[in-house]
Amino acid sequence: MLPRDLQPEQFQQYPPLAHKLAVENIVALRRIPLSLLPSLLSELIQYDYRFPAERKSLEAEIANAASLSDTQVSEWFGGFAQIRLSPQLESFDWVNAPAQFVEQLSDQLWRTHQMDAFRNAALAYSNRLLAAYPPEAPAIPRLGIAIIGAGAASSPVPLFRKLRPHGVYFRNVKPENGFSLLRNAVADRARGNPAPFAHWYIDGGVPEADLAGVTCVSYGGLEPARAALLRRMNREIHSAGMGPEQLRTIMARMRPAELGLGDEDPVLGRFQVSVLTEGSGTQVFSTTFVQWTVREALRRAQPLTVLARFAPRQRQLPMNELLARTETRAELDPAESLIDGDMGAYYNWVNQQRLAGAEQSRFLAWFEERNEAVVIAPSMPRGTESSTSATIGDLLKWMG
Amino acid sequence: MNWSTEQISRSRREFLSLAARLGAAAAVFGTSPLHGAAVHVHPNPKKIVVVTFGGGARDDETFSPAGQENIPHLLTELAPQSTFFTQVVNRGILGHYVATASLATGVYETLNNFASVPPEHPTVFEYFRQQLKRPASDAWVVAPSNGFNRIGESDHRSFGDGMGAGVILPKHLLAAAMPADSAAYDHLLQDSYETPYYTPGLRGNELQLQQLERMLQLSVGDFTSHARTLSSPDELSVYIARRLMQQLAPSLLWITLHDIDVAHSGAYSLYVDGIRRTDRLCAELWNTIQTEPEYAGKTAMFILPDFGRDADDDAGGNGFQHHRTGDPLSRTTWMMALGPGIRERVVVDRAIDSLDLVPTLGGLLGFSPSFAKGHPIAEVV
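Each protein sequence line maps, in turn, to chains A and B.
Residue numbers for the first sequence follow numbering that gives the first Met the number 0, so the first one is 0 and each next one is one higher.
Residue numbers for the second sequence follow numbering that gives the first Met the number 0, so the first one is 0 and each next one is one higher.
So that you can see chain B by itself, here it is in the shape it has in the complex (with noise of 0.2 Å):
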């Protein structure tokens, strides 16, 4: 079966809504954004917490009734409180950096996705701390690899250096505090599942090692005890975003996780694996934020994958583990808005396009995004 777009976001009403049925939710959830939703009208949130995949995760992993059991977090804890959008079409290059950057400039980037450059639109990063004269310690980027080292600010002309967000590469730190000699250290400088024998070299505000303890008060010592504790660099990624929350408090804090995309390695249970963990990790993060006291009850969280994945009845891809062919499926995902002001049990299923995000943050936290070409959405600002 070729998957529509229309098809796609069946699936995930029907499966929205079984959820509900089971009663995984307290309440039915609305059938259109205007109707029957629950509505808890809250200011606009002071805060934003943006969470995107890199290494999309598909319907049949996810939200098909054969999928529902790899994402509870997301289901029945998190998809209750959001508004949840069935259809998010990125029509740009569906490589994980240039995805991202997109994402984040509210263009489609078309620059190189394995090359260590900056986006060549203005960044959210920037709109939000030129306009609003937020300090560099108010965005923070916290990213999976090397290759998304520049990820923190454009090139643009309109913004001088230094007015992006800083960018954490949990993964590089902890090489950085390894042994060169260790076992693990060739594997941590692993950049990408996608390209895995190569890594680009850093030129971009990323924190170095030596920042660890000024900015985020973690010595060398305890940043590396603990990460002997976890099982994966998301795991990493969100104990030092959490940190970051924690000491910093940042109004504009961007995710970038990554563990799905082990997909490209061919293995179905890794994959699979990483969606979990990524489900876990979502809603570890929204409880953060609902018990730290500078987020609880001001901060808006969205969720998004960068893109899909390959269907398996396309010929010219090999189903999950890549996202190659540009079919409907590997350019359609999903996005779940939540927070203050933004209603909760509302599922919509008109397409939005992935450029829009930018402009709704923007709407919220009030700047506006000039060279954006999406729009802001209509359900959530």
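For reference, chain A alone in the conformation it holds in the complex (with noise of 0.2 Å):
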């Protein structure tokens, strides 16, 4: 089947929300090429449990679909209608499986050399959305807050190298209430600009504060549910027939109540769960969840404030020790998990520069309980640094 020939009632299995969604704009799903259609349809289907900021996006591509001249059609999609799908994929249900769908394209793609050509239409595609529909700026300047290095005395190589050349290294700083300090700003900031899903607080080990108007998440909150999902996925890989994508089609069919996830808040549960079965490493590195999940925060929610706790990760035991050992237990492995947070704390300042108001927005990120900082924002130096005594609320009020 084409998207020509998409009919009301195949929406049926949708949610209401994304159903209604998808009948109301169904002349305009018709028009999108076989080969982007699916991407768009895993969007949709899971409309009801999107963030605000997902929403909104979602309905501004389909309404751009819509308004297209039949010239245009073929301006915008293009690239995509040159991309050749085999039968057995024209014949998939794409669209009740359009996450199924995907994969088999993406292998498709590759086993067909057409990743480039596809590479190229997405890249002009979502260039072009972007340029007809801006993201509007934030209503107050961003602020991404990284703190690392919990438990490490000390750090074998200069931290925040990559950081450094984009605003002031502090190596002074007196680490005296830090932590209050910076949660009490983003509480600040969550009383003053309340919205759904604008503020939150990413832990890897528990949270230390329970803060009115922030979403928060945490590697320790989630334990139970990383420990069912790891139960779950020994079980079916001994199964018969047991493969990685198969694997992978179980995992994203996963619902939070198969993890022991409330449903007091079914978007932020589908997030989290999300989180766990499409992040690689998620469920054994702290460092590697927390990373992850601000990625996935900024990219699908968007926030005005994200404050991420870096903590230590288990110890990845070397051979020797594993084949020595009768029985492994955890160990924590604070030095390592520097390490990773510094380059955690990077990628959190390269995801949240991806959104709109990334001119205005501050970036800090700290060593916990230690005197070095880094910070970004318009008023401050790019590349230099400071060795003025300063407080973490010093920091914050320079950053404006």
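If you're looking for bench data, these hints aren't it; they were derived computationally from the structure.
Residues from chain A that face chain B, not an exhaustive set, calculated with beta carbons under 10 Å:
hint, residue
1, H112
2, M114
3, R160
4, G278
5, G280
6, T286
7, Q290
8, D332
9, G340
10, M342
11, G343
12, Y345
13, Y346
14, V349
Even glycine gets a Cβ: it sits at the ideal position worked out from N, Cα and C.
Take each chain as given, in its own frame, and dock them per the hints.
Quick look at the structure:
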């Protein structure tokens, strides 16, 4: 079946809001080539569980498809229309299983050497979309905070090397009450600019604060869900006929209740499941969990504030130690986690800078309970260092 | 910044030049493949060792100024002895088994990266053995995981069963030697960092535990005892490769290292540790070549990652963690060639293709890889 053959009744299995959106816009959906449409449907089918920013973006994309003239349709989607698809893909139930279709499409693009053509078409399309529907500037400048290195005495290499060129490196920070000051700053921003999923606190351990109006996700808080997921994966891989594709499909279909997550907030519940099922390493390394969660929160929810705290991850045992042990128990590795957190902090900043208002955004990375921090803000000169004695409060104030 | 292949090339050249200026090398590096190089003329090598990294390393962590601390051996010991290619472009599928299979056949294979299937096209081992009438003991592959167990020979109809290379999967052997209830057993069964919870079944001509003693003169007890002194599967692979060199002295030995691919876990420190270990192991292999009588003075070594990893600034990826975007950084890598007949201190900036390796090996050893799509590399052959 091709997109032009779409009928309203084919969306019956979609959740209520997604169903309504699809049926109301079926004419627009019919105009989109098959090499692209299932990617859009994989978002649409999740519409009921998406963040406000994602819903808005999806609505704009569909509205755009509806507004194009026939000539413009060729201009916008020509690159995708050139992609050759197999009859098997065309006959796939891509309406009800769009994510699985996209996986198979990816495989076919690689095998038929069309990945570069698809990549070029996708880049051109997203650039056009961005130009036609520029993202709204945030209500206030975004603020990203990364706290790294808990439990580590010192770093074997200079910290924040990738962030320093973009701001001021402070070498004489007074650490007293640092976390409290940062936490309070986040709480103040949430009070002053309340909005769903606009302010986040992501912790690699157990969260130290319950902040009103702030979405909190933590590695420690999700421990039962992680354990349930690993048990489920372990069971599945020992079942007959299981392979990586099948396992990915099972994980993609997983629901919060299957991992013991409550249904108080279905949007957040689905988000947490996706972090654990789609993020490689998020189930076992807390540093990876924090970095990936921040990436996904920024990409999807486009928040105004993100406070991320990297906690020590479990130690990866070398082979000789593994062979010598009779039982395994998780040990923490603060020193190596500091290195992970340093890179994670940089990625947090990179991902924040992908959002609208990047030139006004602020970012602070701090070696927890130590004297080193880097601050990036319009008011801060780039690529400079300071030996001025400063509290975390001072740094926040100077960022503006 | 979006990296172009030219920028990637420039980055590596600048770094190599820097290393030379710092006195790491005795002489400056050549500015082109044809000028300024210290040429040492030798006859073609009689034996070849190929080392690939399954799990590419980016310039950021290797050849950039910030990355140089991670690869001291490659830069100060091996690069000055090598012809260094700054741009090796992989236009195929960026999965480790399929990419390594493509390197070994000289054709961009399209097989399922996670299935236990042989390459579609003849491998370098089959060309080598059939055309030069070499015995099975003369071509070996040491590979990291079950997924590579079919890489030794294709199912091409021009080449019969048993015409390829023997394959040793050291980690699989170790798992087989360990009691199934040991704490390390599950970890050893973990086959791939990309799909850590899936291990394909074995069906190929891989060496079995009971053959270990006969072929390598290595008892299971000694094997497991030695493994207990090693920190990673790649160290085990190099140990087995050395044993092969000492006992069977194969003329064509292909070693695929995989520790770097721990990057898929998202832990940057482990990824960098993997790079440092790989750097050290490459130097150890080269030193083994120089000290083993069967290899010294007549062996060329080729070192190359199978491909790169995603750039930090590509929104479709997550930086070093994966190789999914197909961006220039993930497609472009490098290669070092060392040994008799290969010029030293030469940097080649022109882009070559991953597929050029097999025709180049054919040119050096004297066989014709008729189905391979690449071209012999003029600066080496």
